[in-house]
Amino acid sequence: MNTYQNLWWTQSVCDHTAFKRMRGEGFAQCHLLQFLQMSTEKIAKAYFWRTGAPPQKSHTGFVKFLRFLGQTRQADRDRVAVMFGFVRFSDFQRTIRSVLPLAYELERITPDLANNGANPEYPWPHAAPQFAPATFTFAAWERMCSGNGRQLMRLIESAVERFPEYSDI
Amino acid sequence: MSTTQIDRDSLARWYATEHLNTDPGVQSVYYLPSGAGEREIRFIEVNTLIGEQTDDALEPIDFGIDIGTENAHKLYVLDVTESQWLRMRSGNLALPLGWSLAGSIPYAR
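So the protein sequences, as listed, match chains Y and S. For the first sequence, the numbering used here begins at 218 and goes up steadily by one. For the second sequence, the numbering used here begins at -7 and goes up steadily by one.
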C-alpha cells in the first residue's frame, strides 16, 4: 500500500466505523446512507490510487471498484475470495453481480448526482424544497436492510477491513 | 428512556413476516429468544440468493430501532445459506457467541 492509499483507506475506515455505530444506535437513515456512501467512495479511491496516479475527482468509483474486484486475475482469485469470506471466487462474483444495482444506487445518492431529488444532505428540490433528509424514508435504505443489502454491507465491511491485504492486486 | 416493556415476540413475528413477504431470497426466519436481552431480537435468516461464505465470515448485522424512545430495541440478523443452516441445526457450525437455538421459533413462507 502506498502512502496515498493509506490516507484514503484511513478515512474510509473512520467513516465506516461511524456508520456501524450509527446503524447500531438507530440514527436517521440520511446519516446512515451518507456515511456508508462516503466510506465506499473512499475505499474505491484508496484502491485506484494503487497506480500512484490520482483517480477521477468525483463521488463515483465504488461500482467500478466492485467490477474490478470481480475481474481479479486468475492467480489472485482464491486469495481474494477468502479475504471477502467466500469459499469460491464464483460465489464472490455472483454476489458482486447481485449487489451492483444497489451499489449503483448508493453511489448516486450524493447531492450532486441525485438529480435534484432524494439525497442524504440537503432539502430538495433545490428551487422549492419539499423534503428534508432527516425525516425522509429512503427506498435505498429499505433495500439496504434486505438480505441483498445486508450482503452488500458485509462486502463493504470486508473491503474496508481487509484493504491492506488486497490493496495492490 | 426505555422504561416500558416491549412486546418482543410480537415484534419478532412482525419483522419475520415482513422479511418473508418482501425479500424473495429469504426462505425461512428463525427467531432465537433464548439468552437474548429484553430489547434484542435475534434472527437467523435462510437465504437462497446469497453466496456460500466461509464459516468465520458469519456475523450478524445489528440495527438499532426507535432508539431514544420507549420502544427502543435492536434487531440482529444473521444470513445463512441452506447448507449452513443444516450444519448449524446439527451442531456442526457454531452460532454467534451467546446465541442458542433452544426455544427458537421458525417462520416460513
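Hints are computed from structural coordinates only; laboratory data are not their basis. Even for Gly, the Cβ is constructed at its ideal location relative to N, Cα and C. Any given hint could be a false lead.
[Unchecked claim] The calculated lysine to aspartate or glutamate pairs, modelled on EDC-like cross-linking and capped at a C-alpha distance of 20 Å, are:
1. Lys237/Y - Glu32/S
2. Lys281/Y - Glu374/Y
3. Lys66/S - Glu242/Y
4. Lys274/Y - Asp293/Y
5. Lys66/S - Glu10/S
6. Lys66/S - Asp(-1)/S
7. Lys66/S - Asp293/Y
8. Lys281/Y - Glu322/Y
9. Lys237/Y - Asp385/Y
10. Lys66/S - Asp1/S
11. Lys237/Y - Glu51/S
12. Lys237/Y - Asp58/S
13. Lys237/Y - Glu359/Y
14. Lys237/Y - Asp1/S
15. Lys274/Y - Asp329/Y
16. Lys66/S - Asp47/S
17. Lys281/Y - Asp329/Y
18. Lys281/Y - Glu359/Y
[Unchecked claim] Here's a subset of chain S near chain Y, in silico, CB distances under 8 Å, partners left out:
19. Glu37
20. Ile42
21. Ala49
22. Val69
[Said to hold, decoys possible] Computed from the model, here is a short list of chain Y residues facing chain S with C-beta under 8 Å:
23. Asn219
24. Arg240
25. Gly241
26. Val280
27. Arg311
28. Thr312
29. Leu317
30. Ala320
31. Glu322
These are the hints, each one checked on the structure:
Taking the CA atoms of Lys237/Y and Glu32/S, the gap is about 17 Å. The hint holds against a cut of 20 Å. With a CA separation close to 17 Å, the supplied pair Lys281/Y and Glu374/Y stays within the 20 Å bound. Restraint check for Lys66/S and Glu242/Y: the C-alpha separation of about 8 Å stays at or below 20 Å, so the hint holds. With a C-alpha separation of about 28 Å, the suggested pair Lys274/Y and Asp293/Y falls outside the 20 Å cut-off, and the hint is violated.
Our distance criterion of 20 Å between C-alpha atoms is met by Lys66/S and Glu10/S, whose separation comes to about 16 Å. Taking the CA atoms of Lys66/S and Asp(-1)/S, the gap is near 13 Å; set against the 20 Å cutoff, the hint holds. A distance of roughly 38 Å separates the Cα atoms of Lys66/S and Asp293/Y; the hinted pair therefore is violated under the 20 Å criterion. Distance hint between Lys281/Y and Glu322/Y is fulfilled; the C-alpha atoms sit about 13 Å from each other, no more than 20 Å.
The hinted pair formed by Lys237/Y and Asp385/Y fails the criterion: a straight-line CA distance of about 26 Å is larger than 20 Å. Proximity of Lys66/S to Asp1/S is assessed by CA-CA distance (about 13 Å); at most 20 Å being required, the pair is judged to hold. Under the criterion of a C-alpha separation no larger than 20 Å, the hint pairing Lys237/Y with Glu51/S is consistent with the structure, at around 13 Å. A distance of roughly 16 Å separates the Cα atoms of Lys237/Y and Asp58/S; the hinted pair therefore holds under the 20 Å criterion.
Between the alpha carbons of Lys237/Y and Glu359/Y the distance comes to roughly 16 Å, so the proposed pair stays at or under 20 Å and holds. The hinted pair formed by Lys237/Y and Asp1/S fails the criterion: a straight-line CA distance of about 26 Å is larger than 20 Å. A hinted pair counts as satisfied when its Cα atoms are at most 20 Å apart, and Lys274/Y with Asp329/Y qualifies at roughly 13 Å. For a cut-off of 20 Å, the pair hint linking Lys66/S to Asp47/S is broken: about 24 Å separates their Cα positions.
Between the alpha carbons of Lys281/Y and Asp329/Y the distance comes to roughly 18 Å, so the proposed pair stays at or under 20 Å and holds. With a C-alpha separation of about 23 Å, the suggested pairing of Lys281/Y with Glu359/Y is violated against the 20 Å cut-off. Residue-level restraint check for Glu37/S holds (minimum Cβ-Cβ distance to chain Y is 6 Å; threshold 8 Å). Checking Ile42/S against chain Y by beta carbon gives a least distance of about 6 Å; that is within 8 Å, so the hint holds.
Checking Ala49/S against chain Y: minimum C-beta separation of about 3 Å stays under 8 Å; hint holds. Hint status for Val69/S relative to chain Y: holds, with the closest Cβ pair at about 6 Å, below 8 Å. For Asn219/Y, the shortest C-beta to C-beta distance to chain S is roughly 28 Å, which exceeds 8 Å, and the interface hint is violated. Annotation: interface hint on Arg240/Y holds; nearest CB of chain S at approximately 6 Å, less than 8 Å.
At a threshold of 8 Å, the smallest CB-CB gap from Gly241/Y to chain S is about 5 Å, leaving the interface hint in force. Evaluation of the Val280/Y hint against chain S yields a violated restraint, the C-beta minimum of about 19 Å exceeding 8 Å. At a threshold of 8 Å, the smallest CB-CB gap from Arg311/Y to chain S is about 5 Å, leaving the interface hint in force. Annotation: Thr312/Y was flagged as interfacial toward chain S, and the flag holds, the nearest CB pair being 4 Å apart, inside 8 Å.
Hint status for Leu317/Y: violated, given a least beta-carbon distance of 14 Å to chain S, over 8 Å. Taking 8 Å as the C-beta cut-off, the interface hint given for Ala320/Y is violated, the closest approach to chain S being about 15 Å. Nearest Cβ of chain S to the Cβ of Glu322/Y: about 17 Å, over the 8 Å cut. The hint is violated.
Checked against the numbered hints given earlier, this structure breaks hints 4, 7, 9, 14, 16, 18, 23, 26, 29, 30, 31; the rest are met.
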